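Enquirer: Make the complex out of the two chains shown on their own, each in a separate frame, by following the hints.
One line per chain: the protein sequences are A and B, in this order. Start counting the first sequence at 1; every next residue gets the next number (our numbering). Start counting the second sequence at 1001; every next residue gets the next number (our numbering).
Everything labelled a hint here was simulated from the structure, so no lab data went into it. Quick caveat, the model's predicted, so the values are computed rather than measured. Treat each hint with caution, since some may be false.
Listed next, with one range per pair, are the computed distances between beta-carbon atoms [claimed, not checked]:
| hint | chain 1 | residue 1 | chain 2 | residue 2 | range |
| --- | --- | --- | --- | --- | --- |
| 1 | B | Met1114 | A | Lys380 | 51 to 59 Å |
| 2 | B | Ala1229 | A | Thr365 | 56 to 64 Å |
| 3 | A | Arg142 | B | His1280 | 38 to 46 Å |
| 4 | B | Pro1282 | A | Lys179 | 25 to 33 Å |
| 5 | A | Ala175 | B | Gly1342 | 45 to 53 Å |
| 6 | A | Glu274 | B | Gly1129 | 24 to 32 Å |
| 7 | A | Arg15 | B | Glu1310 | 22 to 30 Å |
| 8 | A | Thr36 | B | Ser1239 | 49 to 57 Å |
| 9 | B | His1280 | A | Ala227 | 35 to 43 Å |
| 10 | A | Arg15 | B | Glu1059 | 41 to 49 Å |
| 11 | A | Asp21 | B | Thr1153 | 43 to 51 Å |
| 12 | A | Ala190 | B | Ala1381 | 51 to 59 Å |
| 13 | B | Pro1027 | A | Thr58 | 55 to 63 Å |
| 14 | B | Ser1271 | A | Thr194 | 49 to 57 Å |
Below are the EDC-like pairs computed for lysine to aspartate or glutamate, each with C-alpha atoms no more than 20 Å apart in a straight line [stated by the list, open to error]:
| hint | chain 1 | residue 1 | chain 2 | residue 2 |
| --- | --- | --- | --- | --- |
| 15 | B | Lys1036 | B | Asp1202 |
| 16 | B | Lys1203 | B | Asp1006 |
| 17 | A | Lys380 | B | Glu1362 |
| 18 | B | Lys1203 | B | Glu1362 |
| 19 | B | Lys1347 | B | Asp1202 |
| 20 | A | Lys269 | A | Glu283 |
| 21 | A | Lys380 | B | Glu1289 |
| 22 | A | Lys269 | B | Glu1378 |
| 23 | B | Lys1108 | B | Glu1059 |
| 24 | A | Lys107 | A | Glu199 |
| 25 | A | Lys218 | A | Glu153 |
| 26 | A | Lys233 | A | Glu310 |
| 27 | A | Lys380 | B | Asp1006 |
| 28 | A | Lys269 | B | Asp1387 |
| 29 | A | Lys179 | A | Glu129 |
For glycine and all other residues, C-beta sits at the position ideal for the given N, C-alpha and C.
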Amino acid sequence: MDFALSPAHVAVRDRARAFADRVLRPTIASLDADRTFPADHVPLLGSEGFLSVHWPATVGGAGLDTLAYAIVLEEIARVSPAHAILVSVHATLVGVPLLTFGTDAQKAAWLPRMAQGDVLAAFALTEAEAGSDAGACRAHARADGDGFRLDGEKVMVTNGGPAGLVLVVASTDPAAGAKGLSAFLVPGDAAGITRGPRERTMGLNPGDVRTLHFENVKLGADALLGAPGEGMKVALAALNVGRIGVAAQATGIAAETTDRAVAYARTRKQFGRELASFGGVGELLADMAVERDVARLLTHEAATARDRGEEFAHLAARAKWTASEAAVHCADHCVQVHGGWGYLESTGIERYARDARVTTLYEGTSEMQKLVVARHAIQKAG
Amino acid sequence: MIDFRDSPDQAQVRAMIRDLAQGEFAPHAARWDQDKVLPTEALAQLAELGFFGLLVPEELGGVGYDPVTYAIALEELARVSAALSVMISVHNSVCCWPIVHYGTDEQKARFLPMLTGGRLGAFSLSEPGAGSDAAALSASARRDGDHYVLNGTKNWVTNGAQAGAIVLFARTDPDPAAGSRGITAFLVTPDLPGFSVGKHEDKMGLRASDTVELALQDCRVPALNRLGAEGQGFKIAMSTLDGGRIGIGAQSLGIAGAAFTEAVRHATVRSTFGKKLHEHQPVAFLIAEMDRRIAAARLLVGRAAWKRREGLPHRIDASMAKLVASEAANFVTHRAIQIHGGYGYVKEYPVERYYRDARVTEIYEGASEIQRIVIARELVAAAAAADATVATPTPEAAS
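So here's chain B without its partners, still in its complex pose (with noise of 0.2 Å):
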């Protein structure tokens, strides 16, 4: 039956991380922004309540959100501080996740203690000469007895230098005609002979976490840390981001939400003309915008989470729920700098850090316009197959 509301448990777990995060982290974002500061406080408080664990069963050791109310506490770890949210969101989505779900028994046992204590996680996927185009990506990974030998150089690797376990991606079929089914996933631990940590990246936004470069030089990882088998690599990269994708939308609506609350404070309380600001139509109609673009941004992760939970294919909703989210995130923080004016571009409103953090939400976990991509070619592949199909097909019954 549809009910597009929190459920009283989802709303529960919405207003005791919103209060943790405006109690707790909220004092502390602006300043870890500016100063570049890693939360290691914070984060370890988070560990310390299961934040390192959403996604990890319980039998696991986790905590064992289901979707749609992992979509809710990164949502609202968002609305404070993005930086925290994306540390959050990449050691449970992109790391904890494919762990669980592709690896063996003893790589759960060796690795997930360690990540649900405390420990960051991080995934690998990009390189220098291979970002929207990952099947492009050129790190190798050669067999060698018992180990596989990796070379290569990864960039942008959110969490990579405080990782206890990355999920890497190399190519383990060298013939360039192999393409995607090339690729093999690897548990890559710091500790490992060949592995080190390059340049830590200085960014726009999402200033508090740390971003780096990876450089493999004959680096030994033993064959038991193969996540899936030989050419799996790809299929495990898309269906970790499928759900990676649903994060960044609810990071993305924690943004945009944030954003817009500072937004019609300001239009409520500062008076121009002898009017309120939101008085003034053109105010009054950006608002109305904004709220739209958050409404849409919020049904669509929404559905997304659901349908992952509910084990129905996602994946034309993660896209377009990264999609509407992101744009939503950058079109409202964007206006709500607009509507402050002058107090819009300086440090001491937060507007300006929100519109630096949502930047990046257009671009990493799948640019924009390769949504787009995935969104096409779903609609598309849904297409031929219902017209594959002899007898009318049953649509899906969901909102």
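Next up, chain A with everything else stripped away, as it sits in the complex (with noise of 0.2 Å):
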């Protein structure tokens, strides 16, 4: 058992630490209000390396792993847990199946336009009637000469307005319900695409979610990424270890605010004591520092299982759904400690509470990840 992080993912959490608080921080407050789109940072992103952490370099990637994947998400969630779903749809829920599935020809198209930025990806996979039941999915491309004519609707697309390359995921043949499906690279510039207006969501204010419609999407044969009925493959491979990502996310929701919470019950003073030294206080900062390295743990456990080539399905099912659920207690409690301080748009503390209730949603709710731990604990034993 070893827990050192090695030198290398020292300094690149320190590094992902010092953008987050130079670059996200000031700004982070506006675009919130605003429900601006922060743009201008996607290059920023690129040009540190963070659109690419886990990417080898021959691609244009950073070179790193999965561990220091989790590191960098973790330390931009902190401040902006909406850049982090940002980096993780484009970075792995995008860039994983494109590294794994594509032909030399679609990773030398893309993978060195998006380290950069150049290029910003989205993924679509969830539909009106095929959340959870991915493979009820209904979008669907026919043959069509050499390559295929695309249609149908994709729902809450995340980074659907800005991006350059939407990975889609549409049936090949409907008679094969979810051997059907096929997982198709689709230019976001291409004829027949129209976006629908940006989704008010409840958190991640600055994140662009939409529906995306696709109507007679002409796709070429190289629009085709992996073989034909493999597309909840390429699905569940980049939603393993987006999983991570978004357990990454989540433990940086669930350390920004132990940390608050902390700083303002030491020092914060009500019948004459520090707040912390109130048993009850206590416990709820007890019981988040707790919360917050469980989480941590689970998802460094999940990130380094993969980067040894291990299984890590199942860790990363059990990170994701507990770190989830660290980050929306963590968030809450920490809006508890300060009171109706907390509950100001102006501490920025109800924004994490807000940011943070759709961790428990999204790339597989928390009871899909129980049934992915619970089967394989009963695989295990039998």
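Expert: Right, dumping it as structure tokens:
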């Protein structure tokens, strides 16, 4: 057992923390209040290597590992969970399937530009009637000459507005259900794509989330990612790593809100004593710190298992489930410790409670993660 | 480099102890519990194999396990018998360890060979009127020439009736204002005049381990048996308990692991309404919840033990490990009974024993409430220290 971060991981953590404090912290309150998509931050994230942390250098990536990726996302999410999910969708939900299933030409066409932030990517799996049950998706692509024609509607697409590349999962064989799904690399400016209005989300306000409509979108043969029928496999490969990213994002929320609650509780006085000296408040702080540490440990456990090439899907599910609940609890406790001040937009505390809420939902609800964890435990025993 | 798995050496120790415990002790654990039998043969066998000197360096006659390997040993013993593991844990963590770390050479030479040789050791801090609030203890120690004269009653002493040596805390400064600074540690032996063993407790769980009250009536303890300086006792107790808490965390992990194995087994064998139990979603969710709580406990116990091994500050880590692992043990054993239904409530199956054994882990060596106080206090102190540093503090480079 070894719990020591390597010097390289400490270095990337310090760099991400410095970036988040210098670039994100001064702007996040207004980005959130005005629901402004931080377009000018995308190339800055790119030039720091934060859009491609766990991609090999050969495709223009930063050449680090999944652990480094989790560490960077935690630091970004401490300040802006919205930026963290922007990165996660781009670098993992699209980047990882491209790296895993892409041809050399597909990788060369997209990854270097994505690494720099010249192209932002979005992942389009969920539909109005296909959420956790992704296999029920109805978007379809029919063969057309050498290529395909894509029709359908995808909802809740993060980065949907500015995306220069959309990974779309659509059926190529409706009779085959989940086994008839295929993945497509769809250029964001392809004719036939229309974008719905930006959703007004509860949190992650700077995020650009919308419905994308695909109407008779003509795609070349080179748009197919992986083999026909491999769409679900592509999506799961994306989501398994994506869950490590969401777990890291949630850990960042838990860490920041714990720090802020401790900082407030040790200076704020009521009844002539610091808040932290009241047993009931102390218990809240202790529980927050425990949940934060557990979230981080489980996230790093999943990340390092992937880096060693081991099976990690159940670890990612366990980390995502636990860290997202930690984020919700810690953000809520942080509001509680701050009292009425925590409820004011001006203190920047309530934002974390709004941002945290989605982490138990997206990239697989807690209920889906529990099924993955239970199934693995049962299989291991059998 | 982060790697939360057992190293090859650690995995080997784990497998060795698991084989021993499963092969030699598991067949007897239920009987020890039911009949309140002290497992003397098992203890003798463990002493033979070095388990009485797990934290004693080799040059002092022990086997010198590091804290990580030690935690693995306790976990594997607890998987079979929590009572056996607590006897070994108390002996090593809170009796041998403080002697190794605070004892004089003469004290080490006098006490360690006996302890590593198979005579149990004990630790005695609690009193009827001072449990969690240990600094309020009232047993007194008055200096009289080259002796101290001890008076008072101590309780909840695991191994107390069998112990060849007891690390015992008493107040050398009678001024109540001295508080924790008035406490001193002593090495008390059962042959001393004025020492007697009182009632043996009849406990809910850990029934194979003996827990007693001790009476000190003008008990004359040689000054040579004072451990550390006068007034240093509370500090010795706290640093000893940091290690003890990791031990209880490891014990909790073992109990939880055993209960989880039984719960999963039952859920895959038993069918209701035409489906295996685990195919019912609420049961599957319970299994998932058990799994993650054990995972959290394992990582926190591992981290605390690792930091202790590396010489890093670990008071908050030990408290987190003990808190989470003990709560996991209680949750998992409780739900393991639930999954077993009526079978879980009868002694034919082991889960009710696990449940009774788990209950005390949230209480002894610092109740959960105390662990949360320690954690909150450490958080505030760390934040204050970070504030006081002019430069940006370098956060700990660990997961």
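Enquirer: Could you check the structure against the hints above and give me the numbers of any it violates, in ascending order?
Expert: 1, 11, 16, 17, 24
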